[in-house]
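A.B. asks: Given the coordinates of chain B, work out where chains E and A should sit on it, guided by the hints.
Protein chains in written order, with my numbering: chain B, 500 to 1160; chain E, 70 to 564; chain A, 133 to 238.
One thing to keep in mind: the hints can contain errors.
Unchecked claim - As a list, the in silico SDA-like pairs of lysine to any residue whose alpha-carbon atoms are at most 25 Å apart:
| no. | chain 1 | residue 1 | chain 2 | residue 2 |
| --- | --- | --- | --- | --- |
| 1 | B | K1106 | E | G225 |
| 2 | B | K813 | B | N882 |
| 3 | E | K375 | B | V1108 |
| 4 | E | K375 | B | G1119 |
| 5 | B | K1106 | E | K375 |
| 6 | B | K1095 | E | Q503 |
| 7 | B | K671 | E | Q503 |
| 8 | E | K371 | B | M1116 |
| 9 | B | K1082 | B | H865 |
| 10 | B | K1106 | E | A434 |
| 11 | B | K1106 | E | L237 |
| 12 | B | K671 | E | L518 |
| 13 | E | K375 | B | G1115 |
| 14 | B | K671 | E | R445 |
| 15 | B | K887 | B | E1053 |
| 16 | B | K1070 | B | V807 |
| 17 | B | K1106 | E | V361 |
| 18 | B | K671 | E | K514 |
| 19 | E | K375 | B | Y958 |
| 20 | B | K1082 | B | P741 |
| 21 | E | K371 | B | I1100 |
| 22 | B | K813 | B | L1039 |
| 23 | B | K887 | B | V793 |
| 24 | B | K534 | B | H865 |
| 25 | B | K671 | E | V451 |
| 26 | B | K1082 | B | K1095 |
In case anyone wonders, no lab produced these hints; they're calculated from the structure.
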Amino acid sequence: MNDGFNFALAVALIPLLPLGGALLNGLIGRRLGAKGSGALATLAILGSFLSAVAIFLQFQQLPEEARRLSFTYATWIHSGGLSVDWSLLLDPLSLMYSLFISGVATLIHLYSIGYMGQDPSFARYFAYLNLFCFSMLTLVLGGNYLVMFLGWEGVGLCSYLLIGFWFTDPAKASAGKKAFVVNRIGDFGFLLGLFLLFTHLGSLDYLALEQGLAGFPVGHWLPTAAALLLFLGAMGKSAQIPLYVWLPDAMAGPTPVSALIHAATMVTAGLYMIARSHVLFSLAPAALLTVAVVGAATALFAATIGLVQNDIKKVLAYSTVSQLGYMFLAMGVGAYGVGLFHVLTHAFFKALLFLGAGAVIHAMHHVYHHVHDHQRDPQDMRNMGGLKAKLPITYWTFWVGTVAIAGFPPFSGFFSKDEILWQAFHTGHWPLWLMGLAAAGLTSFYMFRLLFLTFHGRYRGPEAEAKHFHENPWVMTLPLVVLAVLSAVAGFWGLPHYLDFAHLGNRFQEFLAPVFHRGSDLALRHAAVSHGSAALEALLALVSVAVAALGLLEARRLYLGKPGLAEARAKAHPVLHRRLMNKWFVDELYESLVVKPVAGICEFCYKQVDGLVVEGMVNGTGRLCGWAGSGLRHLQTGRLAHYLTAMALGLALLLVLVFTR
Amino acid sequence: MTNHLLPLVTFFPLLAMLVLALVPAGRTAWVKGTALFLALAEFAFSLPLWLNFDRATGGAYQFVVQAEWMPRLGIGFHMGVDGISLLLVLLTTFLLPIIVLAAFSLEKSLKSYLMLFFLMTTGMVGVFASLDLILFYVFWELVLIPMYFLIGIWGGQRRIYAAVKFFLYTMAGSVLMLLAILYLHWNTLVPEVGRTFDLPLLLEHFRPAAGTQLWLFGAFALAFAIKVPMFPVHTWLPDAHVEAPTGGSVILAGVLLKMGTYGFLRFALPLFPAATQVLLPLLVGLAVTGVVFGALVSIVQKDMKKLVAYSSVSHLGFVMLGLFSLNVTGMSGAVLQMINHGISTGALFLAVGVIYERRHTRMIADFGGLAAGMPRYALVLVFFVLSSVGLPGLNGFVGEFMILLGSFPSQPVPTAIATTGVVLAAVYLLWMVQRVLFGPLANPKNQGLADLGIREMLVFAPLAVLAVWIGVQPQPFLDCINPAVEATLDLMRNR
Amino acid sequence: MPGPSHYLLLSVLLFGLGLTGVLVRRNALVVLMCIEMMLGASNLLLVAFGQQAGLPGGQAFAFFSMTVAAAEVAVGLAVVVLLYRWSGGTDIGEVRLFAGPREERP
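The following block holds chain B by itself, in its conformation from the complex (with noise of 0.2 Å):
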């Protein structure tokens, strides 16, 4: 039907050609060399891309309607009621994930090369890479939910190998397996939400199940329930309240690991799977405003923790959890394009955040390396400082994530963040906004501190080790510079009324159109009625600009002016500087509240139950029969006398039994 292109084909292309990747290091990638094996992976993910990129020039052809395409391979499960296959769905949403995933990855891959190339186990790393990639863009092409939940599980599977990468460090295993399980709670959510659909509407297909729900009143209790226990499981891989604990630890992995798995893919995966549900979501308004909530508190209590930590890592994996929340305010007021909007410039800026992160720890580790210090931490802000003219490039593009992510015009992060602020206040839920508003202000605080106190000044450490720092290779500093460009311009991809002087109309939103306007897309609806208040849209977008600016003039007072103002701030407010240290001591809280609990319920279980009760009664059976063993022994005395007696005994008690029938 279009002139011969093979979809079905391509598609497949895009998962596959990663995982054959992941195979091929994983079996002969020590042989090709570090650069060999990285450039294997990274040309398995850049045919993902292109393959993708072929698709959307493909799709622009089709008309609107028939820009939804499925496609089945083989059959997986058919069995009773069940009949699922190995099937994936291309559609606006599938392929904007797909096109920025395998962007950002083949980016993040180059990167590697670099940053990875002294590390022994590196055809492990880059076949894990490709795995992860293979198993999110199946997870974002999926058909169904059970090859969601597939590709689901199998970023939390890869999160686990490559967080605890460096496994001889305990700490560093074991923060995987923390990822690991956090996850798990989140998909027993999945699961039950999976097997309440299935239940009531017989499919876990995508469209049949859309069809499905047709019929379902607003409120109706199945949707709100299924809704609420697929966010659980959302909560989980995207790390929002209260299952937000595995992503700071997450940072022990290798730093493109943080800036591919934790900032732009895997965490937008619970976005995905709600804007993928959204019409299951726009039946249950319940479910809704609780994503909202949930979202919007996450957004402003993450950023709260961002502001003291000194370890540049943690700080932006706090960012990503509380720009996270945003995305799910503005899935929670029914925008879900908006929401989507937000996750797709996050994810340029956020990686873009993180590379360069990575690029100052590798320069930092290598200054360390020369001068033989394996004490001071690298990831340490308060060693850094003055780094603005020994990395230029570095600095530069992290100039522009900083200027992003803080949303200041004309950078992608203010029209993303913004037209959140705005659905959420316009659709009425003036708290979540004032939430929202807040934490923008926090996060441009925290953000421009993590800029001045990293690149700015003079460096912290001895004079002598400063002439060591140079800029990082190419391979690194390239993937910077082109998230920076999209970092910058993204955002004219999805102007709000108000800015679109050259009526270019919303490029972004009208791409996804299709997929929203079966379901009830509030922020289309919106849309086409909001043209009045375009002069409030613009009033509160100057307020969040001030807000931000606000927090960057304080950071700038703190951190730029006169030294010691920021520790004289933390000891004026010890008690609050504490928490905020300590990260509200929620670790601490479940372990006391679920851990400790748990063991000791396993150890009753293992001890007192099994232990004593059930084998009790077994070993206690078995010493029964012995003891009448023993005791009915006595009766075999060996003496004749007694035999008779016994005899005669017997043969009178039947006499007289026979004789008194």
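C.D. replies: Just chains E and A, lined up with the frame of chain B:
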């Protein structure tokens, strides 16, 4: 020819045992070669069963053999396989060469060890293929004796206690079952045949009162519940597994436990459907308790083998839940999971055996950081752990998902509780992996341990291939199982 | 005239005495004598009831019984002789069936 295939597959191992007895024990190379050859031959003989099985009529018994044995007592030599028993027979013959190959590193009395396995194979195949109750009982009891010796002679420190416990516990249940079998026999009159022990005939003509059905079901259920093992009659299993030699654990987990679940599916459920319905809440409750309890206790285990043993209790709780879902998806999932568990847990026991051979300890605390020195071993262990945890794409997920999905409609709350098992499995298995494989290679005794050799890789390879195959393309297996399960459900509905 | 009931009473008395003796007495020869007494008592009863019923079978059976008693006494005395050799006395209280090795015997 096909008519004689089942007796061949059943009795060839007996013959093989006798052949092996003739090989001089001193010539270990000959013993190993002969045993491996015979085991592979047995597997080869069972392949035509798979290839010639008619999946369209998978619910009916195929390769049926019916001969006179003790006609005056009503006992006949009646054998046949449907989709379910076919897969279990194949699992048995598939595991045999693997166990033989894995046993090559045994230090004492290799010949007797292998002979006992062949004897057990006859028993196990016979159990799955029998369609006459007494024949079934004979094979059921036959399996106990070699297992007793295997634990008692080649076992660990408390082997006598474990062997005797295993034997007596299992036998106690079986005796009660024999009583029930006899009752069935005496209370069924088949026109033109009289009294019989033949299963299909009994299914057709046995019509008990409701109260009788209850105790009869209870008798059968007790015997099978002990074998599965279900909570609370499960405590023989950890001891048996810990003390048994590696091959013994593999066959115990791989096949013997399935005899219990198979017994429920083939006998207890179809013969007594009304009693099943009445006792369903109790049975489901015990199954779910098994899942959660087994998992919780696994978490605090210090001995690797005991951990895997309790994980078996948990996994088989899932299987029982699937069986009691009484719908096709759930029950088919349960049968598939029987096969999957045999593969995954069998492999895990083999993996524990590998490091036990090298270090003569199974205590997790004695290990740590092994991945650095034994990367191939680490890959194998992590792979099978993931299979056990139910990672989609591998075999464990397909069965688990089908079971949970199948039992959710009729038992939503118990199913939800059982789903927590998914989280708990990740906890205990990954924690074990972390303590054994990851971290620094601190203990000097762990440094310089040899990684997996070719023979050991060959032991794991077929299991890994099956794990992936069933995970990605389970349909060939499900095509055998579905009709058989549907036939069983039909049987239950019509009685 | 003594009737069947008298014979019955006598027989029972003799049998009871004999039984008591078997159970209580410790001397092997006395036990044998008491067994003879029991046999005599049953012979008496056989003859008495045979006479009362007019059947010769009672007396005939009594003859059989006496023959068997004779054989049994022969065997029994042989056992007593062995007992004497084994334990140096005729006290059956000293005999422990299923006893352990020789050293354990008193």
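A.B. asks: None of the hints should be skipped; say for each whether it holds.
C.D. replies: Evaluation of the provided hints:
1. B:K1106 x E:G225: 22 Å, holds
2. B:K813 x B:N882: Holds, at about 15 Å.
3. E:K375 x B:V1108: 16 Å, holds
4. E:K375 x B:G1119: Roughly 22 Å between the alpha carbons, so the hint for E:K375 and B:G1119 holds.
5. B:K1106 x E:K375: 14 Å, holds
6. B:K1095 x E:Q503: 19 Å, holds
7. B:K671 x E:Q503: 10 Å, holds
8. E:K371 x B:M1116: 24 Å, holds
9. B:K1082 x B:H865: 30 Å, violated
10. B:K1106 x E:A434: 19 Å, holds
11. B:K1106 x E:L237: 23 Å, holds
12. B:K671 x E:L518: OK: B:K671 and E:L518 at ~24 Å, within 25 Å.
13. E:K375 x B:G1115: The hint holds at about 19 Å.
14. B:K671 x E:R445: Judged against 25 Å, a Cα distance of about 21 Å means the pair holds.
15. B:K887 x B:E1053: Within the cut-off at roughly 20 Å; holds.
16. B:K1070 x B:V807: Holds, at about 13 Å.
17. B:K1106 x E:V361: This hinted pair holds, its Cα atoms lying about 16 Å apart.
18. B:K671 x E:K514: 24 Å, holds
19. E:K375 x B:Y958: 56 Å, violated
20. B:K1082 x B:P741: Holds. B:K1082 to B:P741 sits at ~13 Å (cutoff 25 Å).
21. E:K371 x B:I1100: 16 Å, holds
22. B:K813 x B:L1039: Not satisfied, since the Cα-Cα distance of roughly 31 Å exceeds 25 Å.
23. B:K887 x B:V793: 38 Å, violated
24. B:K534 x B:H865: 19 Å, holds
25. B:K671 x E:V451: 17 Å, holds
26. B:K1082 x B:K1095: 20 Å, holds
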